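S.K.: Residue strings, one per chain:
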Amino acid sequence: GAVVSQHPSRVICKSGTSVKIECRSLDFQATTMFWYRQFPKQSLMLMATSNEGSKATYEQGVEKDKFLINHASLTLSTLTVTSAHPEDSSFYICSAIGDADGELFFGEGSRLTVL
Amino acid sequence: GENVEQHPSTLSVQEGDSAVIKCTYSDSASNYFPWYKQELGKGPQLIIDIRSNVGEKKDQRIAVTLNKTAKHFSLHITETQPEDSAVYFCAASTGGYQKVTFGIGTKLQVIP
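So the protein sequences, as listed, match chains X and W.
First residue of the first sequence? That's 1 in the numbering used here, and the numbers climb one at a time after it.
First residue of the second sequence? That's 1 in the numbering used here, and the numbers climb one at a time after it.
The hints are simulated quantities; they were obtained by calculation from the structure and are not laboratory data.
None of the values given here were measured: they were computed from a predicted structure.
Heads up, a few of these hints could be off.
Stated by the list, open to error - Some chain X residues near chain W, calculated using beta-carbon distances under 10 Å:
no., residue
1, V11
2, I12
3, C13
4, L26
5, F34
6, R37
7, Q38
8, M45
9, H85
10, S89
11, F91
12, S95
13, E103
14, L104
15, E108
16, V114
Note that beta-carbon positions come from the ideal geometry of N, C-alpha and C, so glycine has one too.
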């Protein structure tokens, strides 16, 4: 099946710094990618839909200036958590649509810890 | 928008027994229903999916059924093994490049 690679898998940063997470589709082109946040023992919360070559569409309540999304190519989307604070600590997961039928493939996730 | 309800939230079964997880959806336009398995500290992995033109699909010990009239779909795992222990998410989508709506997840524990 299609492979989505996410990097880094774990990152620890100081409060106030910015962190970038990459999501790559390795063997297919992904016009659309999605970014989720997952709190412990909870489901995935969609943060935004990332479209190649255009601005991301953010879900209600998600600060677009806080969570910057760039989808500059058909195989790469990035999520930058700006001026991170401890409450931003979470598990961030990306996914990509594998084909026109809508099959969704997930990255391995990135655990962000803000000290 | 779509709303997906999933139950039970936790499920414990003895090794070798069957496990069933049930979901309902609200949007009659949904036509794609994937199931994901998420192990601790990892991203979800697609284990099986079904489309609205099919009532049942099976892949070895895993099967999924869909009742479009009732807007129900279920995951069945037979002959459970300890490595089946994980969190399972159902989801629904109208297909294409539309976003997928997830259920809340079921934590399955298979007791050796």
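S.K.: A separate judgement is required for each hint: does it hold in the structure or not?
M.R.: Structure-based check of each hint:
1. V11: 14 Å, violated
2. I12: Violated: closest Cβ of chain W sits about 15 Å from I12(X), beyond 10 Å.
3. C13: Violated. Min distance 19 Å.
4. L26: 14 Å, violated
5. F34: At about 6 Å, which falls below the 10 Å cut-off, the nearest Cβ of chain W leaves the hint on F34(X) intact, so it holds.
6. R37: Nearest chain W Cβ about 12 Å off; hint violated.
7. Q38: 9 Å, holds
8. M45: 9 Å, holds
9. H85: With a closest approach of 23 Å, the H85(X) hint is violated.
10. S89: Violated, because the Cβ-Cβ distance from S89(X) to chain W comes to roughly 14 Å (cut-off 10 Å).
11. F91: 8 Å, holds
12. S95: 8 Å, holds
13. E103: 7 Å, holds
14. L104: 5 Å, holds
15. E108: With a closest approach of 5 Å, the E108(X) hint holds.
16. V114: 18 Å, violated
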